[in-house]
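The lines below spell out each chain.
There are 2 protein chains.
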Amino acid sequence: MEGSFDTEESFDDPSCLAPQPPGSVSPARRRVHEVKETKTTINGVTFPLPGEGPEQQLLKPNEWSYCDYFWTDKKDPQGGTSVGGFEVLLQKQLKGKQMQKEMAEFVHERIKIEEEYAKNLSKLSLSTLAAQEEGTLGEAWTQLKKSLHDEAEVHLKFSNKLHSEVEKPLLTFRADNFKKDLKKYDHHIADLRKQLASRYIGVEKARKALAERQKDLDVKTQQLEIKLSNKTEEDIKKARRKSTQAGDDLMRCIDLYNQAQSKWFEEMVTTSMVLEKLEVDRIEWIQQHLRQYTTLRHETDMFNQGTVEPVDQLLQKVDPAKDRELWVQDNKTGHVRPVDLDI
Amino acid sequence: MEGSFDTEESFDDPSCLAPQPPGSVSPARRRVHEVKETKTTINGVTFPLPGEGPEQQLLKPNEWSYCDYFWTDKKDPQGGTSVGGFEVLLQKQLKGKQMQKEMAEFVHERIKIEEEYAKNLSKLSLSTLAAQEEGTLGEAWTQLKKSLHDEAEVHLKFSNKLHSEVEKPLLTFRADNFKKDLKKYDHHIADLRKQLASRYIGVEKARKALAERQKDLDVKTQQLEIKLSNKTEEDIKKARRKSTQAGDDLMRCIDLYNQAQSKWFEEMVTTSMVLEKLEVDRIEWIQQHLRQYTTLRHETDMFNQGTVEPVDQLLQKVDPAKDRELWVQDNKTGHVRPVDLDI
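Protein chains in written order, with my numbering: chain A, 1 to 343; chain B, 344 to 686.
Hint data in this document are derived by calculation from the structure and do not stem from the laboratory.
It cannot be assumed that every hint is accurate.
[Unchecked claim] Below are the SDA-like pairs computed for lysine to any residue, each with C-alpha atoms no more than 25 Å apart in a straight line:
{"#": "1", "chain 1": "A", "residue 1": "Lys-60", "chain 2": "B", "residue 2": "Asp-662"}
{"#": "2", "chain 1": "B", "residue 1": "Lys-466", "chain 2": "A", "residue 2": "Asp-191"}
{"#": "3", "chain 1": "A", "residue 1": "Lys-179", "chain 2": "B", "residue 2": "Pro-663"}
{"#": "4", "chain 1": "B", "residue 1": "Lys-438", "chain 2": "B", "residue 2": "Ile-544"}
{"#": "5", "chain 1": "A", "residue 1": "Lys-322", "chain 2": "B", "residue 2": "Pro-663"}
{"#": "6", "chain 1": "B", "residue 1": "Lys-522", "chain 2": "B", "residue 2": "Ser-465"}
{"#": "7", "chain 1": "A", "residue 1": "Lys-145", "chain 2": "B", "residue 2": "Pro-512"}
{"#": "8", "chain 1": "A", "residue 1": "Lys-123", "chain 2": "B", "residue 2": "Asn-463"}
{"#": "9", "chain 1": "B", "residue 1": "Lys-675", "chain 2": "A", "residue 2": "Asp-191"}
{"#": "10", "chain 1": "B", "residue 1": "Lys-462", "chain 2": "A", "residue 2": "Ile-113"}
{"#": "11", "chain 1": "B", "residue 1": "Lys-418", "chain 2": "A", "residue 2": "Thr-41"}
{"#": "12", "chain 1": "B", "residue 1": "Lys-418", "chain 2": "A", "residue 2": "Lys-123"}
{"#": "13", "chain 1": "A", "residue 1": "Lys-112", "chain 2": "B", "residue 2": "Lys-438"}
{"#": "14", "chain 1": "B", "residue 1": "Lys-488", "chain 2": "A", "residue 2": "His-298"}
{"#": "15", "chain 1": "A", "residue 1": "Lys-277", "chain 2": "B", "residue 2": "Lys-466"}
{"#": "16", "chain 1": "B", "residue 1": "Lys-417", "chain 2": "A", "residue 2": "Trp-327"}
{"#": "17", "chain 1": "A", "residue 1": "Lys-92", "chain 2": "B", "residue 2": "Lys-466"}
{"#": "18", "chain 1": "A", "residue 1": "Lys-101", "chain 2": "B", "residue 2": "Ser-465"}
{"#": "19", "chain 1": "A", "residue 1": "Lys-332", "chain 2": "B", "residue 2": "Gln-648"}
{"#": "20", "chain 1": "B", "residue 1": "Lys-489", "chain 2": "A", "residue 2": "Glu-116"}
{"#": "21", "chain 1": "B", "residue 1": "Lys-403", "chain 2": "A", "residue 2": "Leu-124"}
Predicted, not measured: the structure shown is a model, and the values here were computed from it.
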């Protein structure tokens with residue numbers, strides 16, 4: 001925010017105490033008769049007002065990059081508070097972590113279903129139903145029952161692989177320091193914002209101080225002109241000196257503020273790019289592991305097909321004549337036919 | 344059994360009362376001085392003794408046909424009773440009926456397992472786990488969850504077809520009059536055996552009566568020779584006539600017996616062939632329906648493979664850049680970058 005001031009004197013506020021930046025025109029010397037607002041500072045961050053200032057190009061055009069879209073704080077719809085745009089990016093990361101956890105849970109549930117199915121098939125395969133069927137038909141039936149156990153094995157293998165190749169990775173992906181790292185970024189950015197806010201307060205104080213010094217100088221100058229008081233030129237010089245000082249202090253505060261804002265800006269760009277990459281990696285990693293899931297599904301159906309082959313083969317060999325031969329050999333009572341009775 | 348007799352007279356036993364078969368030599372006239380046993384009658388059925396009589400060729404060589412191997416009664420190992428060879432064939436049929444019932448039960452159990460599996464998959468597919476995942480990854484995840492419901496449908500279809508194409512037919516195959524028909528065969532054959540047994544008793548009685556007549560004739564002839572009694576030639580003629588009659592009666596009884604045995608024999612051959620065909624049909628019918636089971640299994644695995652395709656397709660389309668664009672558009676807080684504060 002620009003204000004009007006005019007001073008040649010120093011001021012007392014110690015907050016922006018620093019040597020004057022060389023070559024800069026003391027704000028005290030400048031009086032701006034028209035005050036046009038071209039910028040606005042919200043929560044300590046300074047933005048150009050709409051239509052003011054040079055047009056901004058996106059840092060990374062066509063990429064919808066995080067570093068281009070999260071400069072403004074987000075208002076909490078219910079409370080009156082705001083959070084930084086960075087917070088939105090952070091929450092996105094935490095949500096991603098939650099998603100992988102829930103996906104792991106889903107896979108776990110699938111594993112339980114497969115284990116139950118396998119257990120039931122295995123149990124039924126041990127059934128003695130129609131165990132008395134003999135011969136080639138009996139063999140085919142026996143294999144049919146056994147094939148249920150083979151199917152059970154296929155599904156058990158599926159569930160084991162689901163666990164080791166999908167569920168477990170989903171549970172352990174970024175289980176190490178991920179949240180800690182996020183916290184670090186969070187705190188670091190928050191600290192930079194705090195410093196920025198504090199520096200802005202300094203700027204406002206310096207502006208206020210300068211305005212007071214200006215006012216004081218004006219008043220004393222007017223008084224001198226109308227010979228109202230017994231103030232000497234000495235008093236005016238002092239007032240002027242204080243005014244100048246206040247102007248220098250303001251410039252220093254503004255510099256410090258701009259430095260802090262630059263620092264925060266850089267950190268925002270850098271860190272949001274880190275989060276952007278983390279999100280790309282997360283999506284690709286999950287894609288890869290969900291593909292592992294579909295691969296296992298394909299495999300499982302294929303292996304399952306294989307369990308039917310031996311049954312088909314034995315059914316092919318079913319031979320009623322062979323079975324009759326086997327059964328008759330085991331159960332015949334006598335092949336000698338009756339003959340007529342003689343006299 | 345052959346015995347010795349010699350008669351020209353009739354006899355009194357009415358059991359084999361019938362006109363004399365023409366042209367046959369009355370057994371009364373023949374005396375065989377050597378009695379060689381070449382046949383034996385067991386439970387009313389007459390067999391050649393081992394090594395006696397012409398060699399028997401199987402009625403259906405190389406076929407292990409029922410009609411060739413169940414002539415002898417089967418002794419009950421525990422009691423002293425016997426059952427006809429036909430009974431063994433009958434029990435085989437009843438066992439076959441039991442086998443199809445047990446197979447149906449097995450299939451029913453499989454159906455229940457499939458329904459449980461389908462129910463579990465369907466329920467899990469409705470899970471809201473990771474429902475907050477958005478963009479292309481969210482779409483792939485949503486389809487992955489949905490695919491469980493598709494799998495459930497496949498397994499439900501499998502279980503329904505198992506029921507209509509395998510279980511139900513197994514339950515209803517020959518459910519109509521099969522057992523009644525078996526009973527009819529059983530009773531018919533049993534009746535013929537009873538008649539045969541009764542006719543054999545008649546033969547034994549006739550033999551006994553003939554022997555008595557022979558003995559009486561011999562005694563009277565001897566007495567005449569030694570002029571021991573006042574018996575006239577008239578008495579001897581009477582005794583001789585009775586002897587002849589007894590011989591004729593025996594011949595008739597033997598004929599009736601042989602007719603009954605022939606009838607039973609024919610019925611045995613015919614009915615055992617019916618049962619043989621029933622068993623061939625049963626085996627082929629079950630083979631066909633178990634093949635239906637394996638066909639359904641093949642189909643099911645194939646359809647199941649199909650449920651993974653849409654998931655693969657959506658996983659293929661997962662695009663972190665696209666997802667970032669969508670998310671940033673929805674969640675951005677502001678794209679205007681901060682600027683330096685001026686004086």
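Verification of the supplied hints:
Only pairs whose Cα atoms come within 25 Å are accepted, and Lys-60(A) paired with Asp-662(B) is accepted, the gap being roughly 18 Å. Note on Lys-466(B) and Asp-191(A): the hinted pairing is violated, with a Cα-Cα distance of about 48 Å set against a maximum of 25 Å. Taking the CA atoms of Lys-179(A) and Pro-663(B), the gap is about 21 Å. The hint holds against a cut of 25 Å. For the suggested pair Lys-438(B) and Ile-544(B), the alpha carbons sit about 35 Å apart, so the restraint of at most 25 Å is broken.
For the proposed pair Lys-322(A) and Pro-663(B), the alpha carbon gap of about 65 Å is over 25 Å, so the pair is violated. Distance check on the hinted pair: Lys-522(B) and Ser-465(B) sit about 44 Å apart at the alpha-carbon level, beyond 25 Å; violated. Proposed proximity of Lys-145(A) and Pro-512(B) is supported: the alpha carbons are some 19 Å apart, at most 25 Å. This hinted pair checks out: Lys-123(A) and Asn-463(B) have alpha carbons roughly 19 Å apart, not beyond 25 Å.
Annotation: proposed proximity of Lys-675(B) to Asp-191(A) holds, straight-line Cα distance about 22 Å (limit 25 Å). Straight-line distance between C-alpha atoms of Lys-462(B) and Ile-113(A) comes to about 10 Å, which keeps the hinted pair within the 25 Å bound. As the CA atoms of Lys-418(B) and Thr-41(A) are separated by approximately 112 Å, the hinted pair breaks the 25 Å bound. For the proposed pair Lys-418(B) and Lys-123(A), the alpha carbon gap of about 40 Å is over 25 Å, so the pair is violated.
Straight-line distance between C-alpha atoms of Lys-112(A) and Lys-438(B) comes to about 40 Å, which puts the hinted pair past the 25 Å bound. Restraint check for Lys-488(B) and His-298(A): the C-alpha separation of about 16 Å stays at or below 25 Å, so the hint holds. Restraint check for Lys-277(A) and Lys-466(B): the C-alpha separation of about 36 Å exceeds 25 Å, so the hint is violated. A threshold of 25 Å between alpha carbons decides the hint, and for Lys-417(B) with Trp-327(A) the separation of about 15 Å falls inside it, so the pair holds.
The hinted pair formed by Lys-92(A) and Lys-466(B) fails the criterion: a straight-line CA distance of about 29 Å is larger than 25 Å. Straight-line distance between C-alpha atoms of Lys-101(A) and Ser-465(B) comes to about 21 Å, which keeps the hinted pair within the 25 Å bound. This hinted pair does not check out: Lys-332(A) and Gln-648(B) have alpha carbons roughly 50 Å apart, beyond 25 Å. Distance restraint check for Lys-489(B) and Glu-116(A): the Cα-Cα separation of roughly 20 Å lies within the 25 Å cut-off, and the hinted pair is therefore satisfied.
Proposed proximity of Lys-403(B) and Leu-124(A) is contradicted: the alpha carbons are some 42 Å apart, above 25 Å.
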